[in-house]
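Trainee: Now for the letters of each chain:
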Amino acid sequence: MDVFNNLWMGFGVAVSLQNLFYCFIGVLLGTLIGVLPGIGSVATIAMLLPITFNLNPVSALIMLAGIYYGAQYGGSTTSILVNIPGEATSVVTCLDGYQMARQGRAGSALATAALGSFFAGCVATLIIAVAAPPLAEVALKFGPSEYFSLMVFGLIAATVLAHGSLLKAIAMVVWGLLFGLIGTDVNSGVLRFTFDIPELSDGIGFVIVAMGMFGTTEIILNLEMKEKREVFTSNVKNLWPTREDFKRLWPAVLRGTALGSMLGILPGGGALLSSFGAYTVEKKLSNHPEQFGKGAIEGVAGPESANNAGAQTSFIPMLTLGIPGNAVMALMIGALMIQGIAPGPQVMAEKPQLFWGLIASMWVGNLMLVVLNLPLIGMWVKLLTVPYRYLFPSILVFMAIGVFSLSNNPFDVLVMAVFGIVGYVCAKLECEPAPMILGFILGPLMEENLRRAMLLSRGDPTVFFTKPISAVFMIASVVLLVAVALPAIRKKREEAFAAEEA
Amino acid sequence: MKIKGPKDFWAGLMFIGSGLFFAIWAVMNYQMGSAVRMGPAYFPAVLGGLLVVLGLAIFLGSLVIRGPSVPHFIFRPLIMISLACVLYGYLMRPLGLVGATAALVYVGALGGHEFRWKEVTILFVVLAIFSWAVFLKVLGLPFPLWPDAFS
Numbered sequence: 001m002d003v004f005n006n007l008w009m010g011f012g013v014a015v016s017l018q019n020l021f022y023c024f025i026g027v028l029l030g031t032l033i034g035v036l037p038g039i040g041s042v043a044t045i046a047m048l049l050p051i052t053f054n055l056n057p058v059s060a061l062i063m064l065a066g067i068y069y070g071a072q073y074g075g076s077t078t079s080i081l082v083n084i085p086g087e088a089t090s091v092v093t094c095l096d097g098y099q100m101a102r103q104g105r106a107g108s109a110l111a112t113a114a115l116g117s118f119f120a121g122c123v124a125t126l127i128i129a130v131a132a133p134p135l136a137e138v139a140l141k142f143g144p145s146e147y148f149s150l151m152v153f154g155l156i157a158a159t160v161l162a163h164g165s166l167l168k169a170i171a172m173v174v175w176g177l178l179f180g181l182i183g184t185d186v187n188s189g190v191l192r193f194t195f196d197i198p199e200l201s202d203g204i205g206f207v208i209v210a211m212g213m214f215g216t217t218e219i220i221l222n223l224e225m226k227e228k229r230e231v232f233t234s235n236v237k238n239l240w241p242t243r244e245d246f247k248r249l250w251p252a253v254l255r256g257t258a259l260g261s262m263l264g265i266l267p268g269g270g271a272l273l274s275s276f277g278a279y280t281v282e283k284k285l286s287n288h289p290e291q292f293g294k295g296a297i298e299g300v301a302g303p304e305s306a307n308n309a310g311a312q313t314s315f316i317p318m319l320t321l322g323i324p325g326n327a328v329m330a331l332m333i334g335a336l337m338i339q340g341i342a343p344g345p346q347v348m349a350e351k352p353q354l355f356w357g358l359i360a361s362m363w364v365g366n367l368m369l370v371v372l373n374l375p376l377i378g379m380w381v382k383l384l385t386v387p388y389r390y391l392f393p394s395i396l397v398f399m400a401i402g403v404f405s406l407s408n409n410p411f412d413v414l415v416m417a418v419f420g421i422v423g424y425v426c427a428k429l430e431c432e433p434a435p436m437i438l439g440f441i442l443g444p445l446m447e448e449n450l451r452r453a454m455l456l457s458r459g460d461p462t463v464f465f466t467k468p469i470s471a472v473f474m475i476a477s478v479v480l481l482v483a484v485a486l487p488a489i490r491k492k493r494e495e496a497f498a499a500e501e502a
Numbered sequence: 001m002k003i004k005g006p007k008d009f010w011a012g013l014m015f016i017g018s019g020l021f022f023a024i025w026a027v028m029n030y031q032m033g034s035a036v037r038m039g040p041a042y043f044p045a046v047l048g049g050l051l052v053v054l055g056l057a058i059f060l061g062s063l064v065i066r067g068p069s070v071p072h073f074i075f076r077p078l079i080m081i082s083l084a085c086v087l088y089g090y091l092m093r094p095l096g097l098v099g100a101t102a103a104l105v106y107v108g109a110l111g112g113h114e115f116r117w118k119e120v121t122i123l124f125v126v127l128a129i130f131s132w133a134v135f136l137k138v139l140g141l142p143f144p145l146w147p148d149a150f151s
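Residue numbers (our numbering), protein chains in the order written: chain L, 1 to 502; chain Y, 1 to 151.
Rather than coming from a laboratory, the hints here were simulated on the basis of the structure.
A portion of the hints provided could be inaccurate.
With a straight-line cut-off of 30 angstroms between C-alpha atoms, the simulated BS3-like cross-links for lysine-lysine are [as the list claims (entries may be wrong)]: (1) L/Lys382 - L/Lys294; (2) L/Lys284 - L/Lys294; (3) L/Lys141 - L/Lys467; (4) L/Lys294 - L/Lys283; (5) Y/Lys137 - Y/Lys118; (6) L/Lys428 - Y/Lys2; (7) Y/Lys137 - L/Lys382; (8) L/Lys382 - Y/Lys118; (9) L/Lys294 - L/Lys247; (10) L/Lys284 - L/Lys247; (11) L/Lys247 - L/Lys283; (12) Y/Lys4 - L/Lys428.
Same shape as in the complex, but just chain L:
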């Protein structure tokens, strides 16, 4: 079996002493920062990205992936113990996890999250190993028009699946695409939107934008709120769930894993949608739905497995097509580009070590999470009791030094601050930052492919609908848009009429 041979080779790469070390550091740092309330995985990865610049590509990617799971897991710990979601994906974990903690079952909630995530991680790793190669094969046949349509589909799907207003999400994507165009135009060499600022001629680094919109914005918003936290520190014992708990949690873990693996592959899906979906499913299927929100263990097991499965399978579009499905994958693509690797289907053929090493390291990373976190829970709990007034200046130092060290240029830090303010305004106006980051990353790629496609078709825009694969993506995008827009329009109209009558 090819898959097993390849996985074997991957494990050879992943368990080299050096890569194990980086995986370990990644998981540890990711958990450490992910546990801190109010810092999501995007900000965590953006913050730690500069550390990986000096590593070789394989180690860098392995470490980043480790940071990603670590941050996710850290977020769950925070949700369970403090009722503050460390990030959006663990919002639903708060519902039942925190209630379990209040009933003195924090230990089993944490263990459930860890074991569920580990199981989901194992399955998702296998899915990637099996599904990625054929997908990459198909993707190799893609021309510019197929790529353009795929990106349109990806961006539309990302906005459709995001919560909040559809129109605003699409506007944010377009805005991001425009920001992405700042810098030198590759075709003509013309400097666009640089306003004679030399630092802008290479464009704005996506790390800087992500740090601003996900990092500084978060800190500013957190500081607006009064600090009140109730941490359950004393009663984190009895880590192992009881036999009764096991009986209830394993079907939830299975369902969560299945749902998460499927949703993760969708662009814009990933971990967030998976955890929400899994919670709904568990509540619907449960024999005692009334326990949900009051400490039902399925309410922790399902979403936690789902978000980990989703987090992993969202690597599939990134690895095979070079298209990021969510903001974290956008960062991963950026990291690859910094390492001098153009993401896309050719990576698997040209750099099998990197590809299979990364996949194997996902499994290793998940194992480390369990091994590392169950004994270290006490330490994370301590960390949670540190007041925010100590935390935020420390986080700020790491972000500022991280951005500064990108090119030792103070201008980058200025741009981060500017995007922090942009992110703040967007948050106040309920405009989601994640679609914008996607647009930002894809902007230059989209333009490049559009230009090539139009050149090849001699200016005939129907090419996107006459080539079969491209047409499928385009039609899927339209269907998706219409499907979501219709109920939304109806609802809005109803609201408007209701307002009129009132």
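Chain L is fixed; fit chain Y onto it per the hints.
Mentor: Using the frame of chain L, we list chain Y on its own:
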């Protein structure tokens, strides 16, 4: 004209404004080209136009559909945190890692709920030592540690 959804009203204006800016700036300064051979202005002009249309739709919607009001801006954390980052960047060369960290920690802490000199000073010392150990010693970043005048 009555604003029913303030969030959408301002968001719409923001998108219309940026769309117009990108589109007009592109058309005025760069070559448009044709659909076959797109110039540097083509894609941004199209996107800018699209952003204006989307912005208009959101804007017009805000006149019809009732929506939540915009939460108040609280300027203290916004200004202090942004300023702290900028100071850090621009003070790194002249004042070194120690000076820049001091600026960031003290100014940043002003954005918090309370400011206690003793606490903030301890935090500064700890962070400065940590940054020195991790970023200068372990990661070997080429920043000066002390202000120019001292070395």
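Trainee: It remains to establish, for every hint, whether it holds in the given structure.
Mentor: To see whether the hints hold, each was checked on the structure:
1. Distance restraint check for L/Lys382 and L/Lys294: the Cα-Cα separation of roughly 25 angstroms lies within the 30 angstroms cut-off, and the hinted pair is therefore satisfied.
2. Restraint check for L/Lys284 and L/Lys294: satisfied, since their Cα atoms lie roughly 15 angstroms apart, inside the 30 angstroms limit.
3. Pair hint L/Lys141 plus L/Lys467 holds up; C-alpha atoms about 12 angstroms apart against a cutoff of 30 angstroms.
4. Restraint check: the Cα-Cα separation between L/Lys294 and L/Lys283 comes to about 12 angstroms, which is no more than 30 angstroms; the hinted pair holds.
5. With a C-alpha separation of about 27 angstroms, the suggested pairing of Y/Lys137 with Y/Lys118 holds against the 30 angstroms cut-off.
6. The suggested pairing of L/Lys428 with Y/Lys2 holds, with an alpha-carbon distance near 20 angstroms, which does not exceed 30 angstroms.
7. Taken as a hint, the Y/Lys137 and L/Lys382 pair is honoured in the structure, with Cα atoms around 28 angstroms apart against an allowance of 30 angstroms.
8. Restraint check for L/Lys382 and Y/Lys118: satisfied, since their Cα atoms lie roughly 22 angstroms apart, inside the 30 angstroms limit.
9. Between the alpha carbons of L/Lys294 and L/Lys247 the distance comes to roughly 18 angstroms, so the proposed pair stays at or under 30 angstroms and holds.
10. Distance hint between L/Lys284 and L/Lys247 is fulfilled; the C-alpha atoms sit about 18 angstroms from each other, no more than 30 angstroms.
11. With a C-alpha separation of about 16 angstroms, the suggested pair L/Lys247 and L/Lys283 falls inside the 30 angstroms cut-off, and the hint holds.
12. As the CA atoms of Y/Lys4 and L/Lys428 are separated by approximately 16 angstroms, the hinted pair is consistent with the 30 angstroms bound.
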